[in-house]
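All chains should be modelled from the sequences, with the hints used to inform the complete structure.
For reference, the chains in residue letters:
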Amino acid sequence: SQQGEEDPQALSIQEGENATMNCSYKTSINNLQWYRQNSGRGLVHLILIRSNEREKHSGRLRVTLDTSKKSSSLLITASRAADTASYFCATDAGGAQKLVFGQGTRLTINP
Amino acid sequence: NAGVTQTPKFRVLKTGQSMTLLCAQDMNHEYMYWYRQDPGMGLRLIHYSVGEGTTAKGEVPDGYNVSRLKKQNFLLGLESAAPSQTSVYFCASTGYNEQFFGPGTRLTVL
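Going down the list, the protein sequences come from chains L and R. Using our numbering, you'd call the opening residue of the first sequence number 1 and step up by one each time. Using our numbering, you'd call the opening residue of the second sequence number 1001 and step up by one each time.
Check before you lean on any hint, since a few could be wrong.
Here chain L is said to cover these stretches of chain R; the calculated rule only asks that three of the stretch's residues, wherever they fall, bring their Cβ under 8 Å from a Cβ of chain L [as the list claims (entries may be wrong)]:
(1) 1040–1051
(2) 1098–1106
Below are the SDA-like pairs computed for lysine to any residue, each with C-alpha atoms no more than 25 Å apart in a straight line [claimed, not checked]:
(3) R:K1070 with R:N1028
(4) L:K98 with R:A1002
(5) L:K98 with R:N1001
(6) R:K1071 with R:M1041
(7) R:K1057 with L:E5
(8) R:K1071 with L:H45
(9) L:K56 with R:F1100
(10) R:K1009 with R:L1069
(11) L:K98 with R:S1084
(12) L:K98 with R:N1097
(13) R:K1057 with L:Q103
(14) L:K98 with R:L1110
(15) L:K98 with R:D1038
(16) L:K98 with L:R62
(17) R:K1009 with R:K1071
(18) L:K70 with R:E1059
(19) R:K1009 with R:T1055
(20) R:K1057 with R:M1019
Since the hints were made in silico from the structure, they are not lab data. In this text, a Cβ means the ideal position worked out from N, Cα and C, and glycines have one as well.
So this is what it looks like as C-alpha cells:
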C-alpha cells in the first residue's frame, strides 16, 4: 500500500498563479521528497526536506513539513506553462533509502 | 554522464513469454531500484539492491526476479509474463537520498 496520499489529484490554474499540493503520510519518516514527472518521462527530484526541518525553499518551490500532522505541502509560485507535469511526494521511512510514493497530483498550467 | 539508462524503451509480449529489462547507471551508486507505474498511480517498488550481489523484495515482487552481478547494472526479469504486468517500469539509483530515474520501459502483455 502507498504511504503518501496527495491532494488534489488534479489541479488546473492560470499561468502566473501559485499552485499548492498537499501530501499526507502514515508512519514516521527520515525525510520527504518531491518529484516531478513530465508526460511519458522518468521522475526528476525537486526537493528534499528532513524530518527535523519545517520549511525549505528552492527557487520558486517552497516545501513545508508538519510531522505532528504527518503532512507536507509543495508550493510553486508564479507558475509557468513548463510547470505542467505530475508531482509526487515520496517518503523515506528508513532502510536502504527506499521511497514510498503517493499517487501524485496532475498540475496543468493554462496560458 | 548518461545517468540512468534503460533498455528496451518499449516491448510487447504475449502471455507466458519471458523477458529481461536492463538498467545501467554510471554514477557509481550503491543502491538501485525497480518500480512499476500503473495509470494514474504513483510508483510501487518491485525489488531493490543495496550493492553488487545483493537483492531484496519490495512492495510488489511477485512474478519478477532481479540480479545485480555488476555494480552498475540491475536486471529485472519476468519469467512468465501476465497481462497484469502491463505497466511502465522505472529503474532508479541513489548514492544518498535523491533518486535518479531512468526514462522508463513501457511493457504491454497481451
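Structure-based check of each hint:
For a cut-off of 8 Å, the count of residues in the stretch 1040–1051 of chain R with a CB near a CB of chain L stands at 8, and the three-residue condition holds. With a threshold of 8 Å between beta carbons, the proposed coverage of the stretch 1098–1106 of chain R by chain L holds, since 7 of its residues qualify and at least three are required. For the hint linking R:K1070 to R:N1028, the alpha-carbon distance of about 11 Å falls within 25 Å, and the restraint holds. With a CA separation close to 23 Å, the supplied pair L:K98 and R:A1002 stays within the 25 Å bound.
Simply put, L:K98 and R:N1001 have alpha-carbon atoms about 24 Å apart, close enough for the 25 Å limit, and the pair holds. Our distance criterion of 25 Å between C-alpha atoms is broken by R:K1071 and R:M1041, whose separation comes to about 30 Å. With a C-alpha separation of about 23 Å, the suggested pairing of R:K1057 with L:E5 holds against the 25 Å cut-off. Pair hint R:K1071 plus L:H45 holds up; C-alpha atoms about 22 Å apart against a cutoff of 25 Å.
A threshold of 25 Å between alpha carbons decides the hint, and for L:K56 with R:F1100 the separation of about 21 Å falls inside it, so the pair holds. For a cut-off of 25 Å, the pair hint linking R:K1009 to R:L1069 stands: about 22 Å separates their Cα positions. Straight-line distance between C-alpha atoms of L:K98 and R:S1084 comes to about 24 Å, which keeps the hinted pair within the 25 Å bound. Taking the CA atoms of L:K98 and R:N1097, the gap is near 9 Å; set against the 25 Å cutoff, the hint holds.
Of the supplied pair hints, the one linking R:K1057 and L:Q103 holds, its CA atoms being roughly 21 Å apart against a limit of 25 Å. With a C-alpha separation of about 31 Å, the suggested pairing of L:K98 with R:L1110 is violated against the 25 Å cut-off. Proposed proximity of L:K98 and R:D1038 is supported: the alpha carbons are some 19 Å apart, at most 25 Å. Of the pairs offered as hints, the one joining L:K98 and L:R62 holds, with about 24 Å between alpha carbons and a cut-off of 25 Å not exceeded.
Between the alpha carbons of R:K1009 and R:K1071 the distance comes to roughly 22 Å, so the proposed pair stays at or under 25 Å and holds. With a C-alpha separation of about 21 Å, the suggested pair L:K70 and R:E1059 falls inside the 25 Å cut-off, and the hint holds. Distance hint between R:K1009 and R:T1055 is fulfilled; the C-alpha atoms sit about 23 Å from each other, no more than 25 Å. Restraint check: the Cα-Cα separation between R:K1057 and R:M1019 comes to about 19 Å, which is no more than 25 Å; the hinted pair holds.
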